[in-house]
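Asks: Below are the chains, spelled out letter by letter.
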Amino acid sequence: MSDSFESSTPSRKRSRWDHEVDEGDDQLLPTRQVSKRRSKPKTSKLSEYSNTPSPSTKSPVKPSIAAVRPRHSIYAPPRTLYPSLQPARSVYSYERLNQIEEGSYGVVFRARDKQTGDIVALKKLKLDEEKHGFPITALREINALMACRHENVVNIREVVVGDTLTQVFVVMDFIEHDLKTLITLMPAPFLQSEIKTLMLQLLSAVSHCHYHWILHRDLKTSNLLMNNRGTIKVADFGLARRYGDPIGVDGLTQLVVTLWYRAPEILLGATTYSTAIDIWSVGCIFAELLLKEPLFQAKSEMELISMIFKLLGPPTSSSWPDYTTLPLAKSITLPPQQSHGSGLRQRFSYLTNAGLNLLSKMLTYDPEQRITAEEAMQHPYFKESPLPKHPDLFGSFPSAAAGEKRRKPFDSPSAPQRLADYNLITDFDLP
Amino acid sequence: MSRALYPLASLEQVEKSPSREDGLPPDLEEDLRAYGCKLIHHAGILLKQKQVAVATAQILFHRFWFVTSLKQFGIGDIGMGALYLASKLEECPLRMRDLINVYDLLLRRASHSNSTGDFKYTPMSYFGNTFYDLKDALVVAEMQILKRLGFDVHVVLPYGTLINYMRLLDLTGREDAVSRAWGYLNDALQTPVYVLYPVPTIVSAAILLATRHLQIPLPSTPPNCWWELFDAEWEDVWAVCGYIMRLYRERSKEDQARVAGMLTKKDVRRWLEEHGHKEGKH
Ligand SMILES: Nc1ncnc2c1ncn2[C@@H]1O[C@H](COP(=O)(O)OP(=O)(O)OP(=O)(O)O)[C@@H](O)[C@H]1O
Ligand SMILES: [Mg+2]
Numbered sequence: 001m002s003d004s005f006e007s008s009t010p011s012r013k014r015s016r017w018d019h020e021v022d023e024g025d026d027q028l029l030p031t032r033q034v035s036k037r038r039s040k041p042k043t044s045k046l047s048e049y050s051n052t053p054s055p056s057t058k059s060p061v062k063p064s065i066a067a068v069r070p071r072h073s074i075y076a077p078p079r080t081l082y083p084s085l086q087p088a089r090s091v092y093s094y095e096r097l098n099q100i101e102e103g104s105y106g107v108v109f110r111a112r113d114k115q116t117g118d119i120v121a122l123k124k125l126k127l128d129e130e131k132h133g134f135p136i137t138a139l140r141e142i143n144a145l146m147a148c149r150h151e152n153v154v155n156i157r158e159v160v161v162g163d164t165l166t167q168v169f170v171v172m173d174f175i176e177h178d179l180k181t182l183i184t185l186m187p188a189p190f191l192q193s194e195i196k197t198l199m200l201q202l203l204s205a206v207s208h209c210h211y212h213w214i215l216h217r218d219l220k221t222s223n224l225l226m227n228n229r230g231t232i233k234v235a236d237f238g239l240a241r242r243y244g245d246p247i248g249v250d251g252l253t254q255l256v257v258t259l260w261y262r263a264p265e266i267l268l269g270a271t272t273y274s275t276a277i278d279i280w281s282v283g284c285i286f287a288e289l290l291l292k293e294p295l296f297q298a299k300s301e302m303e304l305i306s307m308i309f310k311l312l313g314p315p316t317s318s319s320w321p322d323y324t325t326l327p328l329a330k331s332i333t334l335p336p337q338q339s340h341g342s343g344l345r346q347r348f349s350y351l352t353n354a355g356l357n358l359l360s361k362m363l364t365y366d367p368e369q370r371i372t373a374e375e376a377m378q379h380p381y382f383k384e385s386p387l388p389k390h391p392d393l394f395g396s397f398p399s400a401a402a403g404e405k406r407r408k409p410f411d412s413p414s415a416p417q418r419l420a421d422y423n424l425i426t427d428f429d430l431p
Numbered sequence: 001m002s003r004a005l006y007p008l009a010s011l012e013q014v015e016k017s018p019s020r021e022d023g024l025p026p027d028l029e030e031d032l033r034a035y036g037c038k039l040i041h042h043a044g045i046l047l048k049q050k051q052v053a054v055a056t057a058q059i060l061f062h063r064f065w066f067v068t069s070l071k072q073f074g075i076g077d078i079g080m081g082a083l084y085l086a087s088k089l090e091e092c093p094l095r096m097r098d099l100i101n102v103y104d105l106l107l108r109r110a111s112h113s114n115s116t117g118d119f120k121y122t123p124m125s126y127f128g129n130t131f132y133d134l135k136d137a138l139v140v141a142e143m144q145i146l147k148r149l150g151f152d153v154h155v156v157l158p159y160g161t162l163i164n165y166m167r168l169l170d171l172t173g174r175e176d177a178v179s180r181a182w183g184y185l186n187d188a189l190q191t192p193v194y195v196l197y198p199v200p201t202i203v204s205a206a207i208l209l210a211t212r213h214l215q216i217p218l219p220s221t222p223p224n225c226w227w228e229l230f231d232a233e234w235e236d237v238w239a240v241c242g243y244i245m246r247l248y249r250e251r252s253k254e255d256q257a258r259v260a261g262m263l264t265k266k267d268v269r270r271w272l273e274e275h276g277h278k279e280g281k282h
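In order, the protein sequences belong to chains A and B. In terms of full-length UniProt numbering, the first sequence has 258 at position 258, counting the first letter as 1, and numbering is strictly consecutive. In terms of full-length UniProt numbering, the second sequence has 54 at position 54, counting the first letter as 1, and numbering is strictly consecutive.
Take these hints with a grain of salt, some might be off.
What the hints assert, rightly or not - With the C-beta cut set under 7 Å, the calculated list includes, among others, these residues of chain A facing chain B:
#, residue
1, S84
2, L85
3, Q86
4, P87
5, A88
6, Y92
7, G133
8, F134
9, I136
10, L139
11, I142
12, V161
13, G162
14, L165
15, L351
Stated by the list, open to error - Using 27 Å as the maximum straight-line C-alpha spacing, the simulated DSSO-like pairs for lysine-lysine come out as follows:
#, chain 1, residue 1, chain 2, residue 2
16, A, K126, B, K135
17, B, K48, A, K131
18, B, K147, A, K126
19, A, K131, B, K120
20, A, K124, B, K147
21, A, K310, A, K299
22, B, K135, A, K124
23, A, K131, B, K135
24, A, K114, B, K147
If you're looking for bench data, these hints aren't it; they were derived computationally from the structure. Think of the CB as a built atom: it goes at the ideal place given N, C-alpha and C, for glycine as much as any other residue.
Sequences and hints are given; from them, build the entire structure.
Replies: Structure representation (structure tokens):
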């Protein structure tokens, strides 16, 4: 059989090499659950892949073969939709404007694309003094951003490089505001209708990440950006990881999630955790939108635990069956049960029952019982009056990041040190 | 719900390989790439690294040569860098020192294969120049791979798709077919097909080869062709089969020796100087 096997370039007569997309035909393959991981074929939006291979001008134009061929299922996109191999461009493709903020991990600049004039955000990754080559955390951040493209996830445009091998920048769409600064500067809290819109956007982004096996692990208002059109963009995937991956060197015991937004199972030393930790953070963000200030402004892990117990009542064997198996549970003396349920109702006295129900489902002790992002989006809270407000009707705000004047918002603790390898237990103050 | 697709070479990239532009004959480039992948494979075994990391490394390795000439980087260095990087991507990072030791062994054994006498490996000193040279080369290679691939190192491996397709074809009971197809998919990692064709096409090719070999009949007359179920085009499937089958052809001693002597960019440059005008594109 060897003679007929000519090693050749891919055949190019066919439509896959040309700009032709079969749309609208969703002939699904019957078993989509199989091998849900990497190999899951993906649907795709044409608009997202601009750098598809251009059809060779030399190649003969084919007759409409598409009519003969079965059209592509959404699980096997046509060849034109695949991006080509694109070397990283130079950071000098951008003109630097102002520095936005120095994060714990890198510096973020506002910049202008010299070709298109687009305003972008450049996040410089800290790479110097790396003993292990390109840092695995930076790889995770870049991969997570690329893997989680979504209307409500900050769009990564490309990664560019500077003169030396230690200068690497993530280029993102520039987003005018971050939610934390907004909340601080707004004279009045968001309206219920606005909160619903923001929460639906956030949940949709989180559910998208989880669907693609990515845990964000640092959801908080300062990592939620918002543009002038009332659209939230989840940012800062610096602590993101694929779950289902091997535990690996820094394991899942690594300190994650900024203190105020950290789920109780992490606080109590759980060594495995999952998507539920992001939902706890979403619950804290929901509460923060309602209260116009962070829900748990604790100074230490111990203080946070007692604040949580105080607000929700201590966990019980039914509200959290696995509680006693957690490493730090034994060292904690549970306060007595409150007589009249949780303090949530008192704290959120203006919230409807549906709203309170959703909040309590997000702030559920047992990660197994905690609501998922997808379920939360279907919650009656979003269907009762007042309905979510159309984002276009949101007011616009002066942008601090664009260099307009702003006050410094109150400082929240920053994300845990990225390469910190120490365990939660080390600096835990036992009572 | 969309996820960015993994990158494939554009038609232009396929037609103009940078090494060919530098005058390297296509069959030599093909041999060198395959050899580089074998080195990655052997290193993976010696390091007891996971197969997913090894396969990912081999795909990244092939992508690299669509944007870089073998005159600029050696297959040893880039293979080492690709395995280092892929191991991080698959969350099973390697220790630099272990990887360097293994590559040092493999490279020396390879260049020894061209001389007579028994191969005897003397481990290098950690404080000697070899170690630091290799370490520098490793860091540079990893960064160059990232840079030249625009940091898009998303790789989709074919194994899940194979299982899925075998199920759809009702062939999961035929373990011989599954493992044979699996083997073709692994062998295909030595060829550039994972940068040329989408996974469904490659998996269809592996199934075609396996079922033909085992004489398992599948519906193959239009309009009922099994590969169309997977949106694969016959010509493409056939071309992938061609790439795989070429791996198994008899190779002359000279061809084998030629490759083992060209593991570094210096070797490639020397070869080009000696042969440039006879075999190059000019
Ligand atoms: N795409 C963007 N558009 C506008 N501003 C941005 C963008 N990305 C980041 N920023 C700003 O830069 C800040 C830091 O970015 P980011 O959170 O990604 O970095 P970080 O180093 O991980 O920070 P930290 O650890 O403090 O959270 C953000 O809080 C936000 O104010
Ligand atoms: Mg941040």
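Asks: Which of the listed hints are not met by the structure?
Replies: 6, 13, 15 and 19
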